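Colleague: Starting from the given sequences, assemble the full structure and let the hints guide the process.
Protein sequence lines correspond, in order, to chains A and B.
Numbers 51 to 165, taken from the numbering used here, label the letters of the first sequence in order.
Numbers 5 to 117, taken from the numbering used here, label the letters of the second sequence in order.
Keep in mind that the hints were calculated from the coordinates and are not lab data.
Everything numeric in this text was worked out from a predicted model, so none of it was measured.
Mixed in with the good hints, there may be bad ones.
Pair ranges (Cβ atoms, derived) [what the hints assert, rightly or not]: (1) A:Thr-163 x B:Pro-83: 21 to 31 Å; (2) A:Ser-108 x B:Thr-56: 22 to 32 Å; (3) B:Ser-30 x A:Leu-146: 22 to 32 Å; (4) A:Gly-101 x B:Gly-57: 20 to 30 Å; (5) B:Gly-57 x A:Glu-64: 43 to 53 Å.
Incomplete in silico selection of chain A near chain B, CB under 10 Å [as the list claims (entries may be wrong)]: (6) Gln-56; (7) Gly-78; (8) Ala-138; (9) Ala-148; (10) Gly-157; (11) Thr-163; (12) Leu-165.
Which residues of chain A face chain B? A partial, calculated answer using Cβ under 8 Å [unchecked claim]: (13) Glu-64; (14) Gly-66; (15) Tyr-68; (16) Ser-88; (17) Tyr-98; (18) Gly-103; (19) Ala-105; (20) Asp-106; (21) Val-151; (22) Gln-154.
Quick reminder that beta carbons are idealized off the backbone N, C-alpha and C, glycines included.
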Amino acid sequence: GAGVSQTPSNKVTEKGKYVELRCDPISGHTALYWYRQSLGQGPEFLIYFQGTGAADDSGLPNDRFFAVRPEGSVSTLKIQRTERGDSAVYLCASSLRAGGVDEQFFGPGTRLTVL
Amino acid sequence: AQSVAQPEDQVNVAEGNPLTVKCTYSVSGNPYLFWYVQYPNRGLQFLLKYITGDNLVKGSYGFEAEFNKSQTSFHLKKPSALVSDSALYFCAVHGISNYQLIWGAGTKLIIKP
Numbered sequence: 051g052a053g054v055s056q057t058p059s060n061k062v063t064e065k066g067k068y069v070e071l072r073c074d075p076i077s078g079h080t081a082l083y084w085y086r087q088s089l090g091q092g093p094e095f096l097i098y099f100q101g102t103g104a105a106d107d108s109g110l111p112n113d114r115f116f117a118v119r120p121e122g123s124v125s126t127l128k129i130q131r132t133e134r135g136d137s138a139v140y141l142c143a144s145s146l147r148a149g150g151v152d153e154q155f156f157g158p159g160t161r162l163t164v165l
Numbered sequence: 005a006q007s008v009a010q011p012e013d014q015v016n017v018a019e020g021n022p023l024t025v026k027c028t029y030s031v032s033g034n035p036y037l038f039w040y041v042q043y044p045n046r047g048l049q050f051l052l053k054y055i056t057g058d059n060l061v062k063g064s065y066g067f068e069a070e071f072n073k074s075q076t077s078f079h080l081k082k083p084s085a086l087v088s089d090s091a092l093y094f095c096a097v098h099g100i101s102n103y104q105l106i107w108g109a110g111t112k113l114i115i116k117p
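Modeller: Written as structure tokens, this is what we have:
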């Protein structure tokens, strides 16, 4: 079956612009996660959705970052007033159940470059 | 605070030899432990997990890992390495009371023919 997909695969933007990153999880997966991965580092947790609601958004670095999952499937990560330090690969993952015991299935990521 | 340490940036092994990739963790309460692999230009893939039960966990592609509570370790192992095992390996952990998966910095595994 289809895995997790993310669009776009690459996004280049200018400092100060607004960007949206999209994630399509595996159908039927309840939990959805966003991570950020910088070169040479492991993924950094950003936010976790259980259904439509954000169960834990404590990893969002500041109020320029926001994510939604209005119908409990597709999610969008939104970044306002982008800064050069936001440049990273943004990863989305989904898992069948909430609670953390299930393995997460990852998308290929969106590489964001802020010039 | 929860943390994961992968002490080796890179591990080099000859094909056919056993391999070990090390991971130690710090978490409150009982840990949920995971290993993932990242091949070049591909997404992270799940290898195996420890939730409870038998300390020796078997996973995909012939990999296994041993949970050692006293040493707070969860080392990844394989009896006989393949060149195709060359990739970036990540250990991750979270505690029972939250959903944040905390990741190590990764270990680059290089298997030489």
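Colleague: So which of those numbered hints doesn't the model satisfy?
Modeller: 1, 7, 8, 11, 12, 13, 14, 15, 16, 18
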